[in-house]
Amino acid sequence: MTDIQNKIEHLWELMDQVPDPEIPVISLVELGVVREIHFKDEKVTVVITPTYTGCPAKKLFVDLIEEKLTANNFTNFEIITKIHPVWTTDWMSEETKAKLLKDGISPPTIGDKEIVCPQCKSTNTKEISQFGSVACQSLYSCNDCKEPFNYFKCLR
Amino acid sequence: MGIKIQNKEAQFIIRLADTEVILGQRLTEMCSKGPFLEEDIAISNLALDLFGRGEELLKIVSNIEGNTYSADDYAYRRNEREYFNLNLSEQPNNDFAWVMAKQFLHDVYVDLVFTQLLKSSNPELAGLSEKVLKEIQYSLNHSRDWMMRLGIGTDESNSRLQVAVNHLWKYIQEMFLFDDIDNEFLENTELIKTEWFSTVEKLLSEANISIPETKHYDIRNYRKGFHSEHLGILLATMQYIPRSYPDAKW
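Chains as they are written, first to last, in the working numbering: chain R, 1 to 156; chain S, 1001 to 1250.
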């Protein structure tokens, strides 16, 4: 029993080392994409939930997880994609949000209110475009320091 | 190739899938041709959402049909008469007003359809509907915003939007020719029709666009695989690589 628990804990640690391909400062676990890990009859099952149905990184998530598992001598595994329960930015911890801000991406706020400029931390900011360089982000700029930045859209 | 879809629910879902894939392909034609950079990125993002939605729906079709064909097979290996998308979605882009008018008329429709599918007895479809409704909101906000901007912008933008709406209106009647399959899997098709007209007509009047007269056409409709001449050319572009190099991987 504890053996399996250790194994699963180890697998979570491994998954936490897989960076998000677009935002490498956070992992797929921190992003909330890796939802469940099971270990049964020597077989690993990883359940992932994509951020957006059209996210171009969807295939890459699977490839990166496969790569990580193979590199750590897991050969018997399955990666299952589940849409429901639907992915939400609520699955990001405060710690993860702080990492995003430090990396220059304004983290999601409830109802897209009081969006913080990663440069000067002012909340006097405006939306430039609802769509940014990736599906999950919008383009913003700061009215105080004039910095343009990406905002991670709130999805819930 | 002659891919036949046997199950009624799969026949219903592939209509939704095809509409999303075909509109997505139309939108990709705008990539690098947007009026300004941010809009170009927005349109490309919307196209990705449409493809993502189409793919997930085709996966459900594939499951129901016993996984004989993959989602890619359905997208790349069917001809015009085997496609079941709204004729509206395959209409050419012509100019930016056409792109946004088409998007808006579509967005209002799928918003109402997926809202009813939240209660689908198929848990996969119900779950996916919850997901895609969030994405459709982004698209709807965007297309609604442009309808207003073009409608109340300049005389030129208003007249171009009016031309686009007048033309696209020919494809509206078809959307509401619900058949037994639609009525089996949607809770209330009549409600979709009344809500669609009230939402669209309200916005058009706010945007100073006259509501076109509804003429009654004799329609051979998409539910039986009938299309305008535009679909064949679109499919030729979209399917060229997979058909030339079957089973190519990258």
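Be careful, since some hints might not be right.
[What the hints assert, rightly or not] No farther apart than 25 Å at their CA atoms in a straight line, the calculated lysine-lysine pairs in the BS3-like style are these:
(1) S:Lys1008 - S:Lys1119
(2) R:Lys68 - S:Lys1134
(3) S:Lys1134 - R:Lys82
(4) R:Lys43 - R:Lys97
Hint data in this document are derived by calculation from the structure and do not stem from the laboratory.
To see whether the hints hold, each was checked on the structure:
no.	hint	verdict
1	S:Lys1008 - S:Lys1119	18 Å, holds
2	R:Lys68 - S:Lys1134	32 Å, violated
3	S:Lys1134 - R:Lys82	16 Å, holds
4	R:Lys43 - R:Lys97	33 Å, violated
In the structure shown, a violation is registered for the earlier hints numbered 2, 4, in ascending order.
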